[in-house]
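Student: One letter stands for each residue in the lines below.
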Amino acid sequence: MNVLYFAWVRQKVGRSDEVIEHGPSLRTVGDLALLLASRGGGYAEAFADLRRLRAAVNQHHVGMDAPLAAGDEVAFFPPVTGG
Amino acid sequence: MNVLYFAWVRQKVGRSDEVIEHGPSLRTVGDLALLLASRGGGYAEAFADLRRLRAAVNQHHVGMDAPLAAGDEVAFFPPVTGG
Amino acid sequence: MHLNVQIQQEDFDVADEIEALTTDEAGAVATFTGLVRGGDGITGLVIEHYPGMTEREIRHIAEQAQARWTLITGITIIHRIGRLSVGERIVLVAVASAHRQSAFAACEFLMDYLKTRAPFWKQEARGEALSWVEHRASDDAAAERWRKP
Amino acid sequence: MHLNVQIQQEDFDVADEIEALTTDEAGAVATFTGLVRGGDGITGLVIEHYPGMTEREIRHIAEQAQARWTLITGITIIHRIGRLSVGERIVLVAVASAHRQSAFAACEFLMDYLKTRAPFWKQEARGEALSWVEHRASDDAAAERWRKP
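Read top to bottom, the protein sequences are chains A, B, C and D.
Using our numbering, the first residue of the first sequence is number 19, and each one after it goes up by one.
Using our numbering, the first residue of the second sequence is number 19, and each one after it goes up by one.
Using our numbering, the first residue of the third sequence is number 1146, and each one after it goes up by one.
Using our numbering, the first residue of the fourth sequence is number 1146, and each one after it goes up by one.
Where hints are given, some of them may not hold.
Said to hold, decoys possible - To give an idea of the chain D side of the interface with chain C (calculated C-beta under 8 Å), a few residues:
#1 A1160
#2 L1166
#3 D1169
#4 E1170
#5 A1173
#6 V1174
#7 G1179
#8 G1183
#9 E1273
#10 L1275
#11 W1277
Said to hold, decoys possible - The following residues of chain C were derived to be distant from chain B, with all beta-carbon distances above 12 Å:
#12 E1233
#13 A1263
#14 D1285
By construction, these hints were calculated from the structure, which means they are not laboratory data.
Note that CB positions come from ideal geometry on N, CA and C, so glycine has one too.
With the hints as extra help, turn the sequences into a complete structure.
Tutor: So this is what it looks like as structure tokens:
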């Protein structure tokens, strides 16, 4: 899966994207968020409070309970502030 | 008083303005409208149905019961259609 | 507050008017442009007004908007008169404000009141034939809803 | 329907965009322009977005507006990205329609959804210092009211 980070999530994890292999332990977006939080450092900071985060799968807004599949594009970001 | 006519009122009476002397029989705008209607011809046509007409005194929208005084600028016109 | 009211035959440029209206305090500009719509054989409009009263009424309406939405920083209202062809601009209402809600609300309020209070009258042209446009009850209803608390 | 969505660094001209949007069927054009507002020491904004998803979300929002207000004849949405100074234009939403009510309503609807759905993120600049803008609950509330029947 291609995982993208935007805004302060990107700043905290220190990168804008990375490839993470899909596996049976990554059933949902929330599972992936917990995996990332467990890495510690900036990741732990970015993923400390999932209520502050929003996610998209394949460029659609989703909740943390959305399912993941191999090949998905997953993005994490703060609530949007455009317009 | 200076009396002004706009839109189809102007067309029917055949002029855009005229001077009419204020007198005790012209207590209200409605009195003036009735006087004008009594002239017959285009005036009678224009002032046949006062519900179709609007009026202003000294450039303020008023009802037919608005009082008149010497020196007033009185206007008769259809409901507005700007914008 | 910046208030600019113009009744004119000449066309206007919306971008220039927005530019003239905005200051560093304005975060939002809502505009409405009314155009001569084609269809039904219409080739244009002829618009007349009551000089003096028109400006007075429009200023009065703009002052009401300003009193109601205090975040407003500027209002521009331009209304054209005379003969206009299909596709030409008739009217511009532009409202600058700190925030978008007040800009939208005031712009709509101003248009609704302009339609029901400002002394303009339109004739539709179909080639050489002219016919007076009838006042629409739906415009009165639109203006009326702003009276609700 | 004419639909034009652009995400760009470059500025835009509101008059040109209205011109491109209008046809003889359009009697009304409502626009919203968002500007970088000064005050509180702010010198500008830095805006980033999610390429691909942004365009997709905005098109989706525009299609919803078109389905809801069938009199709409055209929609243009332009959102700038990158570094912008106080007074610069950020966003344009322009809606052309047969009548004014649908133009106003759709323009406001589009702005409310843009604020809550389109993946843009702003940082405020105060000289060299940058700070992320917090999402406003009032924007969620503004978008939420369109769900009511």
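Student: Next step is simple, just say for each hint if it's right about the structure.
Tutor: Consistency of the hints with the structure:
no., hint, verdict
1, A1160, "holds (4 Å)"
2, L1166, "violated (10 Å)"
3, D1169, "holds (4 Å)"
4, E1170, "holds (7 Å)"
5, A1173, "holds (6 Å)"
6, V1174, "holds (4 Å)"
7, G1179, "holds (6 Å)"
8, G1183, "holds (4 Å)"
9, E1273, "violated (20 Å)"
10, L1275, "violated (19 Å)"
11, W1277, "violated (18 Å)"
12, E1233, "holds (14 Å)"
13, A1263, "violated (5 Å)"
14, D1285, "violated (9 Å)"
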